[in-house]
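Take the sequences, apply the hints, and build the full model.
2 protein chains.
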Amino acid sequence: MKDHLHHHREHHSKSSETVRDIIIGMSDGLTVPFALAAGLTGAVDTSTIIVTAGLAEIAAGSIAMGLGGYLAAKSDAEHYASERKREEDEIVTVPDVEAQEVQDIFKTYGLTETESASVVAALRQRPQDWVDFMMRFELGLEKPVPGRALKSALTIALSYVVGGVIPLSAYLVFADAHRALDVSCAVTLLALLGFGAIKGRFTGAPAIRSGLQTALIGGLAAAAAFAIARMIS
Amino acid sequence: MKDHLHHHREHHSKSSETVRDIIIGMSDGLTVPFALAAGLTGAVDTSTIIVTAGLAEIAAGSIAMGLGGYLAAKSDAEHYASERKREEDEIVTVPDVEAQEVQDIFKTYGLTETESASVVAALRQRPQDWVDFMMRFELGLEKPVPGRALKSALTIALSYVVGGVIPLSAYLVFADAHRALDVSCAVTLLALLGFGAIKGRFTGAPAIRSGLQTALIGGLAAAAAFAIARMIS
Numbered sequence: 001m002k003d004h005l006h007h008h009r010e011h012h013s014k015s016s017e018t019v020r021d022i023i024i025g026m027s028d029g030l031t032v033p034f035a036l037a038a039g040l041t042g043a044v045d046t047s048t049i050i051v052t053a054g055l056a057e058i059a060a061g062s063i064a065m066g067l068g069g070y071l072a073a074k075s076d077a078e079h080y081a082s083e084r085k086r087e088e089d090e091i092v093t094v095p096d097v098e099a100q101e102v103q104d105i106f107k108t109y110g111l112t113e114t115e116s117a118s119v120v121a122a123l124r125q126r127p128q129d130w131v132d133f134m135m136r137f138e139l140g141l142e143k144p145v146p147g148r149a150l151k152s153a154l155t156i157a158l159s160y161v162v163g164g165v166i167p168l169s170a171y172l173v174f175a176d177a178h179r180a181l182d183v184s185c186a187v188t189l190l191a192l193l194g195f196g197a198i199k200g201r202f203t204g205a206p207a208i209r210s211g212l213q214t215a216l217i218g219g220l221a222a223a224a225a226f227a228i229a230r231m232i233s
Numbered sequence: 001m002k003d004h005l006h007h008h009r010e011h012h013s014k015s016s017e018t019v020r021d022i023i024i025g026m027s028d029g030l031t032v033p034f035a036l037a038a039g040l041t042g043a044v045d046t047s048t049i050i051v052t053a054g055l056a057e058i059a060a061g062s063i064a065m066g067l068g069g070y071l072a073a074k075s076d077a078e079h080y081a082s083e084r085k086r087e088e089d090e091i092v093t094v095p096d097v098e099a100q101e102v103q104d105i106f107k108t109y110g111l112t113e114t115e116s117a118s119v120v121a122a123l124r125q126r127p128q129d130w131v132d133f134m135m136r137f138e139l140g141l142e143k144p145v146p147g148r149a150l151k152s153a154l155t156i157a158l159s160y161v162v163g164g165v166i167p168l169s170a171y172l173v174f175a176d177a178h179r180a181l182d183v184s185c186a187v188t189l190l191a192l193l194g195f196g197a198i199k200g201r202f203t204g205a206p207a208i209r210s211g212l213q214t215a216l217i218g219g220l221a222a223a224a225a226f227a228i229a230r231m232i233s
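In the order they appear, the protein sequences are chains D and S. Each step along the first sequence adds one to the number in the working numbering, with nothing skipped, and position 22 is 22. Each step along the second sequence adds one to the number in the working numbering, with nothing skipped, and position 144 is 144.
Careful, some of the hints might be misleading.
No copy labels: a pair is met if it fits in one copy or bridges any two.
Taking lysine-lysine and the BS3-like style, the derived pairs with C-alpha atoms no more than 30 Å apart in a straight line are [claimed, not checked]:
no. : residue 1 : residue 2
1   : K74       : K143
2   : K143      : K107
3   : K74       : K151
4   : K107      : K85
Hints listed in this document are in silico derivations from the structure and should not be mistaken for laboratory results. Quick caveat, the model's predicted, so the values are computed rather than measured.
Here it is, written out as structure tokens:
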């Protein structure tokens with residue numbers, strides 16, 4: 001049991017954040033370019049324009065996701081820093097209010113002021129630990145890892161590109177778009193099944209169900225894109 | 001100051017989760033279809049195929065993001081339930097190990113076992129509160145809101161569609177793709193500036209900087225898509 005526990009807790013470690021970024025990028029990378037290419041096959045007959053649109057989408061999608069993730073992580077880090085500054089000020093200017101907030105946290109778990117008194121008193125003796133405690137337990141904010149934003153952005157973007165090239169490769173090989181669509185569907189659904197199964201190992205979902213769900217998203221997105229493109233062309 | 005505090009803490013409330021979903025969907029919706037359409041303008045001259053590709057992308061992107069978000073939320077809820085079950089078992093089968101884990105949490109904040117003893121003893125008297133405490137403070141997991149997954153999925157998907165229709169509308173009006181591109185760029189960059197500025201109000205970033213950053217992501221994604229489509233056509 002402890003081994004399982006240990007395994008679970010590793011999910012919050014740095015290496016698993018990379019896994020999470022790969023999952024984020026590859027989920028969309030395998031799905032959206034695949035669906036777009038399938039959709040365009042409902043409207044055009046040759047692969048050239050589909051490859052152009054697909055590569056343009058991969059460029060746009062990977063930059064939007066990567067850069068978006070970068071700025072979001074930067075903004076989280078700034079948010080953390082400014083909230084931390086505020087907590088640091090407050091334990092100096094209004095220590096009694098902050099001490100009351102610690103007691104209030106414990107009160108939500110049914111603890112009386114007497115029962116939490118020694119923890120509150122101990123925290124008041126250690127300003128830095130007190131601030132750490134408030135950041136985590138009052139505000140629910142985790143300390144950002146330095147350099148995380150850039151690494152996260154590149155991981156997401158690259159995973160999107162890798163995912164997107166898989167469905168598109170069929171259109172590079174077959175000039176006839178409908179022939180390419182068949183191959184692209186087969187290759188991509190297999191890739192989605194495999195990727196979903198592996199993803200399940202990290203999210204804790206059963207491999208088969210995770211694989212089928214991931215393939216279902218890709219399939220539905222592609223079917224909707226195909227139907228819409230066919231309708232308007 | 002308390003008002004500011006209060007305002008901040010509302011960020012974790014339900015209504016702000018909706019805001020977050022709108023931001024997630026609209027960020028990508030305004031960016032990717034815009035960039036794809038701009039990219040295709042580097043390769044084709046008439047708007048028809050661009051509108052087809054754009055609408056196919058909006059269908060694919062909104063389903064991929066919405067359904068992906070839905071399954072992720074469902075999986076989080078299941079993960080929470082199974083971890084909770086495990087903690088519930090552990091406080092019955094290995095209460096001393098779990099009590100030690102509570103002390104270890106406080107130890108990371110510099111508290112001695114004596115100082116945290118009364119809190120540990122009090123939690124041991126209240127099994128449900130103890131489990132709540134472990135879920136939040138040991139595992140860092142928040143209780144999922146029922147029905148959240150579906151609402152989140154629809155909000156993200158709809159925001160993506162609304163965002164995506166803005167850049168595409170220019171190609172519906174102007175049959176000449178290059179003319180449409182100019183209008184689409186102007187309209188979308190304005191929309192990105194405005195959206196980014198409003199987003200800043202919710203993420204805490206200064207409005208002007210947030211607006212410029214958001215417009216920059218859209219502009220870079222569009223430029224990259226344009227360059228790639230031009231290169232291969």
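Each hint tested on the structure:
no. : hint         : result
1   : K74 to K143  : both (12 Å within a copy, 27 Å between copies)
2   : K143 to K107 : both (25 Å within a copy, 18 Å between copies)
3   : K74 to K151  : both (12 Å within a copy, 28 Å between copies)
4   : K107 to K85  : both (26 Å within a copy, 23 Å between copies)
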